[in-house]
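Participant: Please work from the sequences and hints to get the whole structure.
Read off the chains here:
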Amino acid sequence: MIYFHIFLAFFIPGILGYGGGPASIPLIENEVVDRYGWMSVNEFSEVLAMGNALPGPIATKMAGYIGYAEGGILGAIVGVFATVAPSLILMISLLGLLMKFKDSPRVKRLTIVIRPVIAVLLGVMTYDFFFSSYEGVGLMQTILIGGISFILMEKLKVHPAYVIAGSLVYGALVLS
Amino acid sequence: MKQRDLFLAFFRVGILGYGGGPSSIPLVHKEVVEKYKWMDSDEFGDVLALGNALPGPIATKMAGYIGYRVGGYLGMINALTATMIPGIILMILLLTGLNSYKDEPWVKGMTEAVVPVVAVMLAVLTWDFIKKSGKSNLGWAWTFVALIGSLVLLQYLNLHPAILIFVLLLGALLKKDPVPAENKQAGGERQ
Numbered sequence: 001m002i003y004f005h006i007f008l009a010f011f012i013p014g015i016l017g018y019g020g021g022p023a024s025i026p027l028i029e030n031e032v033v034d035r036y037g038w039m040s041v042n043e044f045s046e047v048l049a050m051g052n053a054l055p056g057p058i059a060t061k062m063a064g065y066i067g068y069a070e071g072g073i074l075g076a077i078v079g080v081f082a083t084v085a086p087s088l089i090l091m092i093s094l095l096g097l098l099m100k101f102k103d104s105p106r107v108k109r110l111t112i113v114i115r116p117v118i119a120v121l122l123g124v125m126t127y128d129f130f131f132s133s134y135e136g137v138g139l140m141q142t143i144l145i146g147g148i149s150f151i152l153m154e155k156l157k158v159h160p161a162y163v164i165a166g167s168l169v170y171g172a173l174v175l176s
Numbered sequence: 001m002k003q004r005d006l007f008l009a010f011f012r013v014g015i016l017g018y019g020g021g022p023s024s025i026p027l028v029h030k031e032v033v034e035k036y037k038w039m040d041s042d043e044f045g046d047v048l049a050l051g052n053a054l055p056g057p058i059a060t061k062m063a064g065y066i067g068y069r070v071g072g073y074l075g076m077i078n079a080l081t082a083t084m085i086p087g088i089i090l091m092i093l094l095l096t097g098l099n100s101y102k103d104e105p106w107v108k109g110m111t112e113a114v115v116p117v118v119a120v121m122l123a124v125l126t127w128d129f130i131k132k133s134g135k136s137n138l139g140w141a142w143t144f145v146a147l148i149g150s151l152v153l154l155q156y157l158n159l160h161p162a163i164l165i166f167v168l169l170l171g172a173l174l175k176k177d178p179v180p181a182e183n184k185q186a187g188g189e190r191q
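Those sequence lines, one after another, are chains A and B.
Positions 1 to 176 (this note's numbering) are the ones given, in order, by the first sequence.
Positions 1 to 191 (this note's numbering) are the ones given, in order, by the second sequence.
Check before you lean on any hint, since a few could be wrong.
[Unchecked claim] SDA-like mimics (lysine to any residue), calculated; alpha carbons at most 25 Å apart, straight line:
1) A:K157 x B:Y36
2) A:K108 x B:G149
3) A:K155 x B:W127
[To be verified] Facing chain A, a subset of chain B residues (Cβ under 8 Å, in silico):
4) G109
5) E112
6) G139
[Unchecked claim] Covered stretches of chain B, as calculated for chain A (at least 3 residues, CB under 8 Å):
7) 2-11
8) 25-31
9) 150-157
To be clear, the hints were calculated from the coordinates, so they are not data collected in a lab.
Because the structure is a prediction, the values reported are computed rather than measured.
We treat Cβ as the ideally placed atom computed from N, Cα and C, and that holds for glycine.
Facilitator: Structure follows, in structure tokens:
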């Protein structure tokens, strides 16, 4: 029974959450705190804060941890499966259909009309990240870290892995 | 070999993606398009668009689909595992053990310092898409109109991106004649 509840608790945010994992956090909270009472609001925000301090997608970290806390390893697997599977199945079947006709002029036209929308979505995310950086570390650090990482990644072609690792070290030593 | 590449590519995405799934999109682009060349940037744009039009976490949709394309169902499970597992294991270990870790100032410093780096990567990717759009059949003028149009719709009129993407998707796929009418198409869709 607990596994069925874990499945439902993460299945619903998974199919209702538009806009990626972060958008589904309030929906997860609704299930985990309000419906099933597995944790209090405070506990939930603790877990969320920890999740945000760790790398990787947030929705699956939440599903994995809460599933584990409620139902052990199997609970974690059920939670992650319910989060990932529904949207992934939709994605694979729809893209399979699209790729079958990928040389048709209609699909080519789709690529062309969709590009500006993707650019805007990415642009808005860019703005959000710069703004949250400005709020977090201030204008000077944002310009400094942003400027140096731009030069490293775009001009000197350093792989982003090293730049991100460098910024983590810098953050731990200088910004703490 | 292919499975090893898939694992490495998405493992890097998983352990470097701070700030949730969406912040890992430029990393996925870097690995999938630039490093391993599993798809070109156009196709990546289509996959990303459809991913945004569907519900659920974006990082796992991208990893799962790209893994499936490159290496079948095994590839799908491989890429998903590589993206998610490091974060989940860390989370379980830290929450059941050292719970005060997240309040340490150096942890806070780390998570904050990585934000501007992600912002720069996103900015570069945004510019990539704008440049591609400008150089395509759409042309710079229509690209500009489309950018402003989408920006107004999404940010100021709060239209949900999924709705806009679905309308464009249906418009592009259902429109009858494949004659060079892309410009009108793109212009008319935003009414």
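Participant: For every hint, state whether the structure bears it out.
Facilitator: Status of the hints after comparison with the structure:
1. Pair hint K157 (chain A) plus Y36 (chain B) holds up; C-alpha atoms about 16 Å apart against a cutoff of 25 Å.
2. Taking the CA atoms of K108 (chain A) and G149 (chain B), the gap is near 21 Å; set against the 25 Å cutoff, the hint holds.
3. Taking the CA atoms of K155 (chain A) and W127 (chain B), the gap is near 15 Å; set against the 25 Å cutoff, the hint holds.
4. Here the hint on G109 (chain B) is kept, as its CB sits about 3 Å from the closest CB of chain A, short of 8 Å.
5. Satisfaction of the interface hint for E112 (chain B) is found here, the shortest Cβ-Cβ separation to chain A being roughly 4 Å, below the 8 Å cut-off.
6. Checking G139 (chain B) against chain A by beta carbon gives a least distance of about 10 Å; that is not within 8 Å, so the hint is violated.
7. Given as covered by chain A, the region 2-11 of chain B fails the check, having 0 residues with a CB less than 8 Å from a CB of that chain where 3 are the minimum.
8. Remark: the region 25-31 of chain B is confirmed as covered by chain A, as 4 of its residues place a Cβ nearer than 8 Å to a Cβ of that chain, reaching the required three.
9. Evaluation of the coverage hint for the region 150-157 of chain B: fulfilled, as 4 residues show C-beta separations to chain A shorter than 8 Å, against a requirement of three.
Comparing the model with each numbered hint stated earlier shows that hints 6 and 7 do not hold.
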